[in-house]
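Asker: Single-letter residue listing:
There are 2 protein chains.
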Amino acid sequence: MKRGTIPFFLCYPGSGPVRKIKLTVAYEGTAYCGFQKQSGSGLPTIQDALETALSNLAKAEVPVTGAGRTDAGVHALAQVVHFTTGEWAIPTDKIAPALNSRLPDDIVAVGAEEVAPDFHARYNAVAKTYVYSIYNRKTPSPFRRLYTCHVPWPLDTEAMRQAAKYLVGQHDFSSFQASGRPVKSAIRTIFGVDIGTDGSLIRITVRGNGFLYQMVRIISGTLIEVGRGKLSPDDLPNIIEAKNRTRAGETAPPQGLRLEKVEY
Amino acid sequence: MKRGTIPFFLCYPGSGPVRKIKLTVAYEGTAYCGFQKQSGSGLPTIQDALETALSNLAKAEVPVTGAGRTDAGVHALAQVVHFTTGEWAIPTDKIAPALNSRLPDDIVAVGAEEVAPDFHARYNAVAKTYVYSIYNRKTPSPFRRLYTCHVPWPLDTEAMRQAAKYLVGQHDFSSFQASGRPVKSAIRTIFGVDIGTDGSLIRITVRGNGFLYQMVRIISGTLIEVGRGKLSPDDLPNIIEAKNRTRAGETAPPQGLRLEKVEY
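First to last, the protein sequences are chains A and B.
Whatever position you read off the first sequence (first residue = 1), add 156 for our numbering.
Whatever position you read off the second sequence (first residue = 1), add 156 for our numbering.
Treat the hints with care, as some may be off.
Identical copies look the same in the list; a pair holds intra-copy or inter-copy alike.
Unchecked claim - For lysine-lysine, the following DSS-like pairs were computed, each having C-alpha atoms within a straight-line distance of at most 25 angstroms:
| # | residue 1 | residue 2 |
| --- | --- | --- |
| 1 | LYS294 | LYS250 |
| 2 | LYS417 | LYS250 |
| 3 | LYS294 | LYS340 |
| 4 | LYS340 | LYS250 |
| 5 | LYS294 | LYS417 |
| 6 | LYS215 | LYS176 |
| 7 | LYS250 | LYS215 |
| 8 | LYS215 | LYS386 |
| 9 | LYS399 | LYS321 |
Hints listed in this document are in silico derivations from the structure and should not be mistaken for laboratory results.
Given only the sequences and the hints, what does the whole structure look like? Please build it.
Answerer: Spelled out as structure tokens, the structure:
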């Protein structure tokens, strides 16, 4: 009934083939300062937790590389990381359960598969999908607070859909980039933005070939302002054109965001 | 977008009628040592949090009485409490939002209504409904861990339904009572037990006129053992008849349980 009852696998180095592993991981980001290790800071990160569990399994240091960074408080349904095994005796299909008995409850290894030696979780990704969840009811919910952004005002989802259309395609998304992580180019391609509703939940699903720092949260904050009527859908072309962060809406809070899928 | 933006209500005592209020409250119990105040212990409880928020609103002590105690880690979708206002200026329909701006995020006042002066949240309750949620998949979910019990083995819900039928009706439920809270009589009436499924979720819904200490969790633990085949549905009559706690199944963990509804 509890994590502790998952079978314990004996896994010592020494008798298996060296493999490149693609590991899919789900996590609740609430307790973490993001995915990326912050060496020497002592701050808890998803990468640190994964490397600690893997090192415990391998009896050696095992660095992992993620498909993308998620910020502090952001979740993942299916983040992808890669790493190289030593000569472990453990079969590939037992890696995820063995890790789960060593990981904290808020991080779960969903599955592991062997991939080609040149596989790279970040460079080989062709698309990523993020979902931003809004709990759109006057009264907040204690059960939704960790996984949604509570918006008590009515939102016009049709206006949000109209606005979202302008984001699709290849654009310079400088207006939707937070400062702090300079990149060579702010040009990205968004393949689609979907606004779905499910009871009191509104989900903004954004699929693209890559995302700038806090880009999905700034897109979501901007679409929320459109939904409230503070911006018009037709303001979007000008906001994109301005290439100026101050023109877009507020950055929506991290707990509403999750990395949904990474495609290769 | 955030709790802090809910309008602040000015509420000073002195110019309104004294009222008896029935307040409906939702909470995530993870961070609390149960509903009931444990005077002098310093342990956080739901009752303490409600009384602190009410006292802040009323500028005076306001004791609250709950429909029932929930244990440490147990949640509520609609717990009911009553209290008596002083001569507050605040209208009844503004009590819930005013409390929400004073309560922590994991406790939400859902609604307040004025009731007759002799209303009592516990004594007037004619039925309570509890829901026990099981996440029944091999791999756990980081997003379900706080609100479900993870059971990795397949469960036979049809056998659980067969077993549940024996619990319905008026019985001495001594076999389903944890020690620690002696009561005069262990006779209770269960109006219905429903086993519902929704994807990987199995929900055990129990409606009754009253419940013994940890009764729903022991019922749930017993039904899980039936689902796994460790007990047979036809063991239930003997377990009930034995009036002996050791005969029933394990006590299922608290995070799977929520108080769903209190009827008057």
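Asker: None of the hints should be skipped; say for each whether it holds.
Answerer: A quick look at each hint next to the structure:
1. LYS294 / LYS250: between (46 angstroms within a copy, 13 angstroms between copies)
2. LYS417 / LYS250: within (22 angstroms within a copy, 42 angstroms between copies)
3. LYS294 / LYS340: neither (42 angstroms within a copy, 43 angstroms between copies)
4. LYS340 / LYS250: neither (41 angstroms within a copy, 52 angstroms between copies)
5. LYS294 / LYS417: Between copies only: 20 angstroms across chains, 31 angstroms inside a chain, cut-off 25 angstroms.
6. LYS215 / LYS176: within (17 angstroms within a copy, 64 angstroms between copies)
7. LYS250 / LYS215: within (16 angstroms within a copy, 59 angstroms between copies)
8. LYS215 / LYS386: Neither, since 56 angstroms and 38 angstroms both go past 25 angstroms.
9. LYS399 / LYS321: For LYS399 and LYS321, only the intra-copy Cα distance (18 angstroms) is at most 25 angstroms; the inter-copy one is 65 angstroms.
Comparing the model with each numbered hint stated earlier shows that hints 3, 4, 8 do not hold.
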